[in-house]
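Make one complex out of these two single chains by using the hints.
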Amino acid sequence: MKYLTTIGLETHVQLKTATKMFCSCSLKFGEEPNTNICPVCLGYPGALPLANREAIKLTVLSGLMLGCTINKHSTFDRKNYFYPDMAKDYQITQNTHPLCLGGGVTIQTPNGPKLIRINHIHLEEDAAKINHYGQFSGVDYNRGGTPLMEIVSEPDLSSQDEAMAYLQALKQILVYTGVSDCNLEEGNMRSDVNVSIRPEGQTTLGTKVEIKNMNTFKGIYAAATYEIARQTYALTHGKVLVQETRRWDPDANETQSMRSKENAHDYRYFPEPDLVPIALSDEQIAEWRSSLPELPSARRIRMMEEYGIPEYDAGVLADARENADFFEATARLCDKQLGKIVSNWFMVEVMRLLSETGKAIGACALTPAALAELVTLADQRVINGPTAKELLPELFEKGGMPKTLVEARGLGQVSDTTALEAFVQQAIASNPKSVEDYKAGKKAAAGYFVGQVMKLSKGKADPKLVGELVARALEQ
Amino acid sequence: MNIENLTICTAAEGLRKRAFSSVELTQGILDAIQQKDGPINAYLTVDAEGALKQAAAADAARSAGLDNDLLGIPIAIKDIINVEGQPCTCASKMLEGYVSPYDATVAARLRSAGAVFAGRTNMDEFAMGSSTENSAFKQTCNPHDLSRVPGGSSGGSAAAVAAGTALAALGTDTGGSIRQPASFCGCVGLKPSYGRVSRYGVTAYASSLDQVGPMTKTVEDAAILLQALAGVDAHDGTTSPVEVPDYRAALAGGLKGLRIGLPKEYFIEGTDPEVMVHIRKAIDDCAKAGAEIVDISLPHTEYATAVYYIIATAEASANLARFDGVRYGHRTAAPESVFDLYAKSRAEGFGTEVKRRIILGTYVLSSGYYDAYYGRAQKARTLIRQDFTNAFKQCDVLLTPVAPTAAYKRGEATDDPLKMYLGDIFTVPANLGGLCALSVPCGMTHDRLPVGLQILGPAFGETMLLRVGAAYERLRV
Ligand SMILES: [Zn+2]
Numbered sequence: 001m002k003y004l005t006t007i008g009l010e011t012h013v014q015l016k017t018a019t020k021m022f023c024s025c026s027l028k029f030g031e032e033p034n035t036n037i038c039p040v041c042l043g044y045p046g047a048l049p050l051a052n053r054e055a056i057k058l059t060v061l062s063g064l065m066l067g068c069t070i071n072k073h074s075t076f077d078r079k080n081y082f083y084p085d086m087a088k089d090y091q092i093t094q095n096t097h098p099l100c101l102g103g104g105v106t107i108q109t110p111n112g113p114k115l116i117r118i119n120h121i122h123l124e125e126d127a128a129k130i131n132h133y134g135q136f137s138g139v140d141y142n143r144g145g146t147p148l149m150e151i152v153s154e155p156d157l158s159s160q161d162e163a164m165a166y167l168q169a170l171k172q173i174l175v176y177t178g179v180s181d182c183n184l185e186e187g188n189m190r191s192d193v194n195v196s197i198r199p200e201g202q203t204t205l206g207t208k209v210e211i212k213n214m215n216t217f218k219g220i221y222a223a224a225t226y227e228i229a230r231q232t233y234a235l236t237h238g239k240v241l242v243q244e245t246r247r248w249d250p251d252a253n254e255t256q257s258m259r260s261k262e263n264a265h266d267y268r269y270f271p272e273p274d275l276v277p278i279a280l281s282d283e284q285i286a287e288w289r290s291s292l293p294e295l296p297s298a299r300r301i302r303m304m305e306e307y308g309i310p311e312y313d314a315g316v317l318a319d320a321r322e323n324a325d326f327f328e329a330t331a332r333l334c335d336k337q338l339g340k341i342v343s344n345w346f347m348v349e350v351m352r353l354l355s356e357t358g359k360a361i362g363a364c365a366l367t368p369a370a371l372a373e374l375v376t377l378a379d380q381r382v383i384n385g386p387t388a389k390e391l392l393p394e395l396f397e398k399g400g401m402p403k404t405l406v407e408a409r410g411l412g413q414v415s416d417t418t419a420l421e422a423f424v425q426q427a428i429a430s431n432p433k434s435v436e437d438y439k440a441g442k443k444a445a446a447g448y449f450v451g452q453v454m455k456l457s458k459g460k461a462d463p464k465l466v467g468e469l470v471a472r473a474l475e476q
Numbered sequence: 001m002n003i004e005n006l007t008i009c010t011a012a013e014g015l016r017k018r019a020f021s022s023v024e025l026t027q028g029i030l031d032a033i034q035q036k037d038g039p040i041n042a043y044l045t046v047d048a049e050g051a052l053k054q055a056a057a058a059d060a061a062r063s064a065g066l067d068n069d070l071l072g073i074p075i076a077i078k079d080i081i082n083v084e085g086q087p088c089t090c091a092s093k094m095l096e097g098y099v100s101p102y103d104a105t106v107a108a109r110l111r112s113a114g115a116v117f118a119g120r121t122n123m124d125e126f127a128m129g130s131s132t133e134n135s136a137f138k139q140t141c142n143p144h145d146l147s148r149v150p151g152g153s154s155g156g157s158a159a160a161v162a163a164g165t166a167l168a169a170l171g172t173d174t175g176g177s178i179r180q181p182a183s184f185c186g187c188v189g190l191k192p193s194y195g196r197v198s199r200y201g202v203t204a205y206a207s208s209l210d211q212v213g214p215m216t217k218t219v220e221d222a223a224i225l226l227q228a229l230a231g232v233d234a235h236d237g238t239t240s241p242v243e244v245p246d247y248r249a250a251l252a253g254g255l256k257g258l259r260i261g262l263p264k265e266y267f268i269e270g271t272d273p274e275v276m277v278h279i280r281k282a283i284d285d286c287a288k289a290g291a292e293i294v295d296i297s298l299p300h301t302e303y304a305t306a307v308y309y310i311i312a313t314a315e316a317s318a319n320l321a322r323f324d325g326v327r328y329g330h331r332t333a334a335p336e337s338v339f340d341l342y343a344k345s346r347a348e349g350f351g352t353e354v355k356r357r358i359i360l361g362t363y364v365l366s367s368g369y370y371d372a373y374y375g376r377a378q379k380a381r382t383l384i385r386q387d388f389t390n391a392f393k394q395c396d397v398l399l400t401p402v403a404p405t406a407a408y409k410r411g412e413a414t415d416d417p418l419k420m421y422l423g424d425i426f427t428v429p430a431n432l433g434g435l436c437a438l439s440v441p442c443g444m445t446h447d448r449l450p451v452g453l454q455i456l457g458p459a460f461g462e463t464m465l466l467r468v469g470a471a472y473e474r475l476r477v
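Those protein sequences? They're chains A and B, same order as listed. FYI, in my numbering the residues of the first sequence are 1 to 476. FYI, in my numbering the residues of the second sequence are 1 to 477.
If you're looking for bench data, these hints aren't it; they were derived computationally from the structure. Take every hint as true, because none was put in to throw you off.
Below, in silico cross-link-like pairs of lysine-lysine (DSS-like), each with a Cα-Cα straight-line distance of 25 Å or less:
(1) 379/B to 79/A
(2) 344/B to 129/A
(3) 72/A to 379/B
(4) 2/A to 208/A
Simulated restraints, written as ranges between beta carbons of each label pair:
(5) 28/A to 241/B: 30 to 40 Å
(6) 355/B to 252/A: 41 to 51 Å
(7) 2/A to 366/B: 40 to 50 Å
(8) 253/B to 291/A: 49 to 59 Å
(9) 81/A to 306/B: 26 to 36 Å
Not close to chain A: a few residues of chain B, all C-beta gaps over 10 Å, as computed:
(10) 64
(11) 113
(12) 145
(13) 250
(14) 333
(15) 355
Here the structure is a predicted model, which means the values were calculated and not measured. Using N, Cα and C, we set each Cβ at its ideal position, and we do this for glycine too.
Same shape as in the complex, but just chain B (with noise of 0.2 Å):
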């Protein structure tokens, strides 16, 4: 067994095959944590005895005859979904040693499949960030190049999967958060459409754009995470009652005969000029390989950014409302009123950057503000989700890079927020759009730093998209 390279897929046919058992796997996993993730810094906290606990019954449950393709697997999972017993501080002070009193939708899932909770990894404070440097725990660094980001938020998760110290892992992609670290650090990410994978259990940081999914090795691992994650939920009314069709069956479709559409918008100048070789590199390979190539154009991209910025603060500033020291989370010690409680526990509880995006959220709500800002936000938003409407009566799918960079170095960004924002632009209009959208490896840079290829399908064309995915995986081999 090399834990370093196995998959989901691959792990899945040793246990069937009784190569090794799911204890066997998941101590191989745990061993693996401690002794790579030393340097990285990829999991916050790792529940071994639970993990063993729950491969030891997954090893029964297949004794006993059961079998699916994530029965005794261990995954990772993103420090801001809830799992019953465990922690949950989405990488911040304010929940330091909260426990979670329930599973989210999405870990009530895994676990009912028989899968092993590996481990929770790190993250940009309640997600917001772009290179998990935003943890108020742990600087997670870049397995590629230590000295170098992995990417966020779901930076544990991305660094985890790419080091080996995971078989695959969730992650949550509110601008980007799922594919940016996944093109950071060279693996598989996946943001379903809104609606597709339920948010219950997952703390919010911007609730109509939030999703949860799956970070891995291969786009058929993908594939099979997010079968057991998407479906309509009884606990979360924004889930769509769209079917979920067979995803492994999309994957061997190919190339020839689909339409990929280039946005003009995202070909433009001020991308690094090494990103832009893999990204023609990947188009020409699915061009040779059977795909219509088509110039498409969203011409309201240019506001994307700053509507993401107006839509989701303002969310997340009623979202974050409830960590105010009073029934859970970090409580400063003797206040003097109620209010003195909130102002204090919240001064001490949060980070820099969450209380910058509360303070905007608050600020864009605000009376006599609320029209310029959230109002027209919205309009834009309406706008920007009618560019991909227009879009995609033109073509399958859309190519384009998922960061102007491959990962920077470690505290470059974390000076100018406005840059760090600026970074998310090739990501945002997906959350914005309600689309899915998938990252993949492309290349890599003269300093061995990956390149992410991102593919745009319509809502609930996650189908299509991981068909592009596989065929291009493909074409790489």
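Isolated chain A, as found in the complex (with noise of 0.2 Å):
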């Protein structure tokens, strides 16, 4: 019998704010244990949370990028549990009335574009970390209050390389949005997998396991593979599945149930009386809407028509919200029919040397002032190809403007026929073997000549110009 696979992801994204969901703590990874704490984030007695404006508006702006509709009024709970990673011994959170509901995200499949719906977004905190240190544990309430969005799908997912190709595309929309790093190392984004298969004809779904807290995407691709085929071993063999919640062991490669349906907690939800609801205006939302950014399909097919680029130049581009951003705001400075020239720039030397440094287009002295002017001296014939290429690593690493560097060496192109023809003479005089060869028929003894003109040129002089000289002066 064929089963049919039915996932859905709960993905916990952390947002990049400055400061903590709750209190005014700072939000830096990888400091000492307990450093960034007070009294409200270590749930001290009379401490109270105030919400993080800035956390709101970014749930706001996700779900605006996933076509959500924006709750004008949505509210706080308390979800009761007692263990050491939440302080209060409660996490608040949004049962009853989340930020954002609604919205999809489009992923490509063999079998053409899907819809994978969104059921909701909401705004919590996030847990404490809890290290084990033999005999003890030691808890580091840094990341206890961080603010996470927690983007909860609908069960729409097919497979587990659906699964794969719905978390690239929340990743890449998340980014370009600016509302996390989704940096997955540092569990910017991680992700509780329900799985549950059935078999095909079978219109209720499957019994439903949920695995919790993965936090790579390889990860979640072989727990939902293992689970898959566990779960079709199960019934292939007569046996009944349960619900429950499993672990993931990437050691032993294999899920662990961790607890039951019947002993899953009771967490005595209630609304959260020390925080106001969240009330938004129309004005507030269109405000916030008018600030996103595009999509990268949009981008691409809006750059390809703009700049006049390859549908793969665009698309490379659009993949990364500041190489596009960068890119448009160098073709801008640009003659209109240079946009390719440039794309060629940044996709080959740029995009080299942002691999060779590991640096992104941000981090590096480079403008697109800076390049803009490069690649129109260089299109102006004033420096020649090499030369521009030359600079550029220097424009990268320390910044500047390519016509300064240029007047200041005295790079300029030699175009002045009465020099160059000095060079072509010389050349010509101290290779008469070359000159033998060309006049037998070797005509490829030509390109020897310029390159020698352009040596004694300093790499000067216009290529093309030297070229028609010197064939001129072997004919003679």
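Take a look at the structure:
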């Protein structure tokens, strides 16, 4: 019998705010344990939470990017459970009135595009981190209270590949919107994976198993693959699956049972009395909407039209917002017909430097103005191509403007025929053998002379002009 | 200087006239505590050195030309309000030895006004109780009759003010915890409207009901203290941006032309007839002074006590979860697991009444019971609130008893929690409705026990409340 897979994801995304969700503690990663703490995030008696406006804004921006309906009246709730990772022994979350409802993400599948619907997005605080040290355990409350946005998908994913495509698409949109770094190593994006299978033809979903707290895409893929196989084996061998929560053990490469439905927590949710409801006006939402960036797919098409660049170039550039922003800023400073040339410069020369140095475009000294000037100087043949390519690493590393460097170092292209003819005569005079070769029919020998003249001009000669002069001299 | 009869107002006058210094005044209070608090047990801890240091600083500030109504005035603080560097036990073994790392907003506001922290007063553990008998440390006695309770949960604050060992004190009121002990001890107690005073740094019992307020000898003192405490606080999102008026300016208003409502549901069988005699007399006095008396109905009053005990305990069950022995407070010796640590630390640290309310609150929020209890209680709360909204369309304030009885004997109510809960019947509706309410003394019983009159006003109607309270106070002199 064939079984169909159903996967739903609850993805927790750390928002890019300067401070925690309910206090003003800073959110730096990798600090000494328990250094970014205060009475609020330690749950001291009398301390009260205050909702981080920036976190609310970033969640709304995410919702708008994902096509959600924004709840103009949303509230916080308390989720009660005892564990040392939650200082107050309850988590402040949104249970009944989350910030965003509906929406979805379109993924590419072998059968074409597919919409993965989103149920809702809510805002909550992260737990602290528990470290185990042999005989005892320690709690690091630095992470406690980090703003988390939980994106809950509908069970619309029918394979682990689709789950990957969904997470990649989600990550791209969130990074693009600037709401999160989605840095997986730092645990910025963690998912609970709900997996069930059912016999083909059956409409009701099978028994759901939840795999908790997965923080790598690879792990999610492996865990889902294992779980589908485990459930298929169980059903084909006449076993009954139980609704339960499982954890992924990457060393054993298997999921293990944590607790069954009967032992599920009763979280005793109730409205958080310390926080007033979040009220968002239409004006506020409209203002935030107007600040949204273009989605990569829309930007790709627009850039192709606006700058006349090929689909491939547009796709690569649009994938990373920073790169696309830099490219567009550069192209807008150049002549309109130079779009493709700017794209070549960025895609080949600049991206090579980025990959060699491991830097992001925002972290290097090169400015769009400098690159635009460089491309223009080369296009106007003020400097030649090789000179331009030589200048780029310096601009990339130290900044500055190419025109200044060209003038200071006299790098301007030599187009003075008299001066170049002297070099041509000098080259011919000192290479009688090559002259003979040429005259004997080896027309390629002309290239040798061009090279010699370029060398004599210290690379500054206009190669096109040199070619003409060499040909004329050799024919004589 | 007669410490016993000094009020904030008269002490401030003495300080301004240089009749005495703040150090002398504070020393006077410390001496009074030393001499008189022995049998009363109003105070849990007194930081004499710290108080005298604050007093000296206040004197220096005054010499430098500074002045305000609280500069150099000693104020007693209920042991539930955090003051940096001081204990804040909430009268619980759970927090024995705990030292606050920060100032509550109300403490910070008193500090910046130059007030002196006179000492920390006893209370029912975590403010749960109406007699201060639920303190883990001490039994506070009513200064009018040591065999009787001072009321609660702010019983220490009320007893200190009544005994003259404090000029004034801060209390907290979740269901009557300022007004009822004020009534039992014969002082003035004001529960501000919800959102009027910051709760930041006040150990939470029930977050949607708790308010800090003044306990004083006069209505004017209550106005002075409220002026310093009230106003929006960036640390408490539930504080209101409604402008803080000049409370003292309202005191002279008088009763003429005001409409006073008498909610019939508060004038019922079961209230001690001797209490009723004084309440009726107070109403007559107000009428004679020119107030119009209006009959009012608050039809959902009968549900208030039940609603209160569901909502308050539900919130408390979460608020008190943090006392788990992990980061601070009592921690059991040699726990076997993390859950053993929780279970034993909490079993050892909390008293019976606190456990009772945590269990009740946990129950009403449980899956399967939520709708029947917490859900319905929230709906009933809305109805109670609407009752008040309608009532205040017909009158300016409501007059009622504070409690069905005067102070009762110690030990009398401890065996019967339900009886104790029913004693809150006249005070809990104000908390559920977010209203402001004032308790002012209105007479003494034949046993020489004080009786309190409750004046209820609409949310942020403190000005009206204080005007009526002050006018009534003048009638009694
Ligand atoms: Zn913090």
